[in-house]
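**Student:** The sequence shown begins at 89 in this note's numbering and counts up by one.
Keep in mind that the hints were calculated from the coordinates and are not lab data.
Note that the Cβ used here is the ideal one computed from N, Cα and C, for glycine as well.
Heads up, some of the hints might be wrong.
[What the hints assert, rightly or not] The following label-pair restraints were derived from C-beta to C-beta distances:
#1 ASP232 <-> GLY109: 16 to 26 Å
#2 ASP232 <-> GLY111: 31 to 41 Å
#3 SER204 <-> GLN149: 36 to 46 Å
#4 LEU199 <-> GLU251: 46 to 56 Å
#5 ASP201 <-> ARG94: 50 to 60 Å
#6 LEU205 <-> LEU233: 15 to 25 Å
#7 PRO114 <-> LYS134: 41 to 51 Å
#8 PHE197 <-> ARG91: 19 to 29 Å
#9 GLU237 <-> ASP201: 23 to 33 Å
#10 GLY109 <-> ALA219: 32 to 42 Å
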Amino acid sequence: AVRELRAEGASRYVLDLRNNGGGLLPAAIDVASQFLEDAVVLYERKADGQEKPYPATGNGQVLAEPLAVLVNSGSASASEIVAGAIQDYGRGVLVGTQTFGKASVQLIFDLSDGSSLHVTNAVWLTPSRHAIEGAGLTPDIEVDLDPAEMARGWDAQLHKAIEVLRETIDANPVTAP
């Protein structure tokens, strides 16, 4: 997708993680790695305090271009890992509202009555070791959405992200290779 966007002249990017409830950890690392180089994407802290770093894959396609990430209360888990890594490294600006705050690793045990027992055995931390679980991420630029404006097709968060990217380009022009 990035190659296609570049071929069409894209020089700055908006990553929309709003209402993205997350997914698999390897996918989060792959997505974050598109924007980060030689970086730890997250730490996993076990209940006993041991930490395991998860590095970027080194296959990034958008390592220098201006970036804005849209987040909201529906951004959770793996999407918070991506947004948190981008924010911690100052690689992009987060625009929107506070994220959900779901970043725990759970063991799930099915019980004989059809219910299940979920036991948290680790939490995910941003590269600066910010605990996402229960707290979420605070965007760099907070912008609420007005349902009436959305119904008319106006997305204030997206427009703010575009405005920020335009200001970034105007302040630091990027020349094509």
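**Student:** Each hint: holds or not?
**Tutor:** Hints versus structure:
no. : hint                          : in the structure
1   : ASP232 <-> GLY109: 16 to 26 Å : holds (20 Å)
2   : ASP232 <-> GLY111: 31 to 41 Å : violated (26 Å)
3   : SER204 <-> GLN149: 36 to 46 Å : holds (39 Å)
4   : LEU199 <-> GLU251: 46 to 56 Å : holds (51 Å)
5   : ASP201 <-> ARG94: 50 to 60 Å  : holds (54 Å)
6   : LEU205 <-> LEU233: 15 to 25 Å : violated (37 Å)
7   : PRO114 <-> LYS134: 41 to 51 Å : violated (19 Å)
8   : PHE197 <-> ARG91: 19 to 29 Å  : violated (44 Å)
9   : GLU237 <-> ASP201: 23 to 33 Å : violated (47 Å)
10  : GLY109 <-> ALA219: 32 to 42 Å : violated (19 Å)
When each numbered hint is compared with the structure, violations occur for hints 2, 6, 7, 8, 9, 10.
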